[in-house]
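K.L.:
Spelled out from the first residue to the last, the chains are:
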Amino acid sequence: MASRRSALFDGSNAGLLAAVVAAPLLGLLVGLGPLRDFVRRAGEQQTVQRAEIERILERRRTLSPLSSAERARVAAALAALEAGVAPLGARPGEALGPSLASLFEGAGAGELRVTFSPSDAVAAGPLPLLVAELDGSRPMTLIPNPVRLALTADINGIRRALDALGAHGHAMQLERAELVRAGARVEAVLEIVYWSREAAQ
Amino acid sequence: MNPRRAVDAVLGRFPRRTLLHRVGADLVWAQGPSWFARGAALDANPGSAAPAVRGDREAVVHVPEIRIARVDLPGVRLRDARRIAERRCADLRGDPPAVHVSSLVRRTRAGSVLWLVSAPNDVCLELDAELRQRGIEADRVLPLSLALGALARLLPAAEGGGLTALLWLEQEWSHCVIADSEGWLFDRQIPLKLGFDAAIGATPANAVAWEEEEHQFIEHVVVELGRTFNYVERNLSLGRVANVCLCGPLAGLEPVEHALVANQMLPILRLGARPLPSLGWAPHPASGAALGGIALGGSVAEATLVPDAALVPRLKARARRSLLRAAVAACALLALGLAAAAAYVSGISTSIERLRAQASRWEGERAALAQLAGERERARRVLDAHAAISQPQPPWSALLTALGGSMPERLFVAKLAIAREPEGWRMEIWLDSEGLDEAATADAVARLGNRLSALPLFSVIPSERQAAHEPAADSRQRIVTWVAPAERSGADGE
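Protein sequence lines correspond, in order, to chains A and B.
Residue numbering for the first sequence follows this note's numbering, starting at 1 and increasing by one per position.
Residue numbering for the second sequence follows this note's numbering, starting at 1 and increasing by one per position.
So that you can see chain A by itself, here it is in the shape it has in the complex:
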């Protein structure tokens, strides 16, 4: 009885049996790994593509073209900026100091001292602004140049100096001022920002 049973699986059938069992397993092992990777990558690609399309559709819903009135307003603002803000060149301090001194002296302010501070020395000051045409052409950087003025004058002299500052235009803006009475005169310290422009890279 035992010999009959073992004859089923003796050496003559072992190779075939191994082939029967091994062939599908080998096929599965060989084919399953790349297939799984492919399916995973394909799923990720599908997700990315769908998300991209969703994002485009969302942006299309939220973005509308600029109207002609908006375009005109932007063009006018840009022109005003170009007209009101002058270029100061590579050394703004050298150009600005005498200009301001003559401005305030012309207004009648006496005992004037002008100090030019580099922009990075004024932490709380405004940041440079980058503007351009709507199509990106003619880019320019608007640079805030901090200037400190110390002057001593009577109150009328101070008023004239402030009037001169206001009359100069939008490019010069008062940031901070401190006026201290010293007898009949007033000691004033003015911190202003003088905007200049230069072409951006």
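By construction, these hints were calculated from the structure, which means they are not laboratory data.
Heads up, a few of these hints could be off.
Said to hold, decoys possible - Among the chain B residues that face chain A by a calculated CB cut under 7 Å, a handful are: (1) 157; (2) 336; (3) 348; (4) 365; (5) 366; (6) 375; (7) 386; (8) 389; (9) 390; (10) 396; (11) 411; (12) 415; (13) 416.
Note that beta-carbon positions come from the ideal geometry of N, C-alpha and C, so glycine has one too.
Got chain A; can you put chain B on it based on the hints?
P.N.:
Just chain B now, with coordinates in the frame of chain A:
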């Protein structure tokens, strides 16, 4: 359900085609799957051109030298019963082996039952050679007695748990098998033989002689059956016979049946009554039932009379065929799996390509959107820069003039600080007095605050709010105010 219909229902459960062969004086049934056996013919003549039966072949034979023994093993598990069977087989074979011994073990409700089948080696070799000569290379050869015993398991149970007698009637010999619900118990070859070469019920030339022959035959059957039953019940004490089943390839068994009913008063079952020549290749009900016994009788290696020398190569070939089929099926399955995987991958690729095409259609849209977003961003920067730079300054000269004009008598400005805040320009005014006591100074400061509040250029912050948010650095009186008309509404919200 009457017994006949019950037997027919049993026969209908066997899906295999049955082929009937005559080997000398014996009948041999060979069965194979209907798929392979389709078209094979009944082979009654040695050397005929009938195609050999393919597939798994099992045959039932009757050889007088076969011995069967049954051992009931109550409470013994199947595994232990197999060990017992191996031991018994080894004992019976002897050394050197002169007898072919095979066993069949079946689990029962009470435990296990073991049948031992033995026959001389030379008989088994002759039998196998004769079968092969007729194109039957049998995987298993089962004794007819054991097959009929297994057939008894399919029949309706006898009332009261009695035994079943299966009477197999042939022209040359007859056989009676006594079985219980588990199978073979006892068998006896009965010397019943028709005296002429015709089936019972046929019309002979000499009607008187025929009638006498038939009468003697039936009487003989009844007597021999009665003797057998008496032997089983009284001498062997196996139990009471409660059922009789008539079977065999002979036609015209009705007179026998009637006589048995009249004498034994036992329920009679009939399996098949068609004459042998009319079988064609269609399954004979009785042989089908006998082969059902084979199907219930264990594996091809059990209770078989095929010699070991012939059986092992056949089993190997059979295993090889099974393995080959499994290999083909596995390869087909693998191919199907690969095809399905390829179709799946192809579907995914198509889906990705479709998405890519869709995304490429959006490329132009994306560029237009990017341009539009860039325009909006640049417009916002220009407008923000213009708003930041062109913010109007307060009229400083007018403010100082208004402040000077609003000063109460003996009160003067000691210090004035202006700072640009995100909300607007903030002015702090420190005041001193000359010749005023503290209360009068406070009163004068309050008056100045009221006067400034009345002017549109100033938005004085109440002193209690100012004190809560920003305490004064020194003890001097102080007024804090916003000084940008454009920022007045924003300052109010502080």
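K.L.:
Flag every earlier hint the structure violates by its number, smallest first.
P.N.:
Violated hints (numbers, rising): 1, 2, 11; every other hint is consistent with the structure.
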